[in-house]
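Asks: Residue numbers (full-length UniProt numbering), protein chains in the order written: chain A, 1 to 201; chain B, 1 to 201.
Check before you lean on any hint, since a few could be wrong.
For identical chains, the list gives no copy identity; a pair is met inside one copy or between any two copies.
Here are the simulated SDA-like cross-link-like pairs (lysine to any residue), alpha carbons at most 20 angstroms apart as the crow flies [stated by the list, open to error]:
1) K62 with R34
2) K62 with G38
3) K62 with E98
4) K47 with E120
5) K62 with G125
6) K47 with E98
7) K47 with D183
8) K47 with R146
9) K62 with R146
10) K62 with A93
11) K62 with R103
12) K47 with A18
13) K47 with H102
14) K47 with E29
15) K62 with R37
16) K62 with L134
17) K47 with S61
18) K62 with E178
19) K47 with R193
Just so you know, these hints were derived from the structure itself, not from any lab. Because the structure is a prediction, the values reported are computed rather than measured.
Protein chains: 2
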Amino acid sequence: MTNPPRPNGVRHGARGQARREEIVRAAMEVIAERGYRGASLAAVAEKVGLTQQGLLHYFPSKEDLLIAVLTMRDEWDSGERVIGEEPMTIAQAVGVVEANAHRSAIVRTFSALLGESVTEDHPAGPYFRDRYRLVRRDMAITLRRRWGDRLPSGLTPEEAAPLLVAIMDGLQFQWLHEPEGVDMPASFRAFLRLIDPEAIA
Amino acid sequence: MTNPPRPNGVRHGARGQARREEIVRAAMEVIAERGYRGASLAAVAEKVGLTQQGLLHYFPSKEDLLIAVLTMRDEWDSGERVIGEEPMTIAQAVGVVEANAHRSAIVRTFSALLGESVTEDHPAGPYFRDRYRLVRRDMAITLRRRWGDRLPSGLTPEEAAPLLVAIMDGLQFQWLHEPEGVDMPASFRAFLRLIDPEAIA
């Protein structure tokens, strides 16, 4: 007995989804090479063997593609969690930094976009502003769950949260520029020892 | 008795220097708006009322102008110090962060360039790599002079130096995206309290 043929629409849907992912990955590569403003839909289309017209069938505009890039990156980072709903644990944050140390391509794409996002009317500007707000709030919750209203160092969770976020972003730039000069996971652990000398070996 | 007329060359030299500075400031503005790759010499020339040909008289290429932008920014930060020769003190680092909180334009230019610098073959790439190496080394010297081979938190100066640099860079992105949501000098002082709970009020 063979499985019944799946209706065309579904097959197209699954194929379409795979194709969309392939396009988003190609867009990440082009952004890592040239930044978002320097990226062209033509360059993305060429990487996946589509015409620019064919690409627009999947993503009607360059901004739509940018949103898809940022969304995919968030999904990779958060695993099963939904950002803004369930804060990560400290151990999960360490896990993200360790994973990042093995995926310079996506770290490069994200860092380039973060830099560009502070320029005028950049389409990623609102994304980063909202994301920072959520991530600072989540980190404060994470820190409070672990250590209560005062960290061993005397800081409040609200004081430490923007520092935790700044360390993750800031280390990435140093590491991208000199991978052999900066051990990103070790540096992040050193920062956690500042927060609590006892907690992390 | 009147002063003898100064030779043309000298007057041109002084005027030329003022003009060069005016051009560099215009370039900073254009980079803050569009990034370096998105910046055109035509846009810079227009801001200072020069033709593009006239601008090339002062800066023969876009890269020359970029170098001048980065150099001027370093001069503003370092005051009388020469980066790589005399490390700043902790108090001077606090002073830089406080000054930055009142000059978002140059912070924006620098942050945009830092982001772009991780993309392929970016002309600011070597500058940032070398600068980070120097600044980490300088910061380790600063920390050792102040606290010796072990900070009160137990970290070595070499462990804390990249964190200090990462905090300064990382906070700038959060602050640029939401100035009312992040108090950059207060956050930097909170980080210093992590290093030494006694040292900073």
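Asks: So which of those numbered hints doesn't the model satisfy?
Replies: Those not satisfied are hints 3, 6, 7, 8, 9, 10, 11, 13, 16, 18 and 19.
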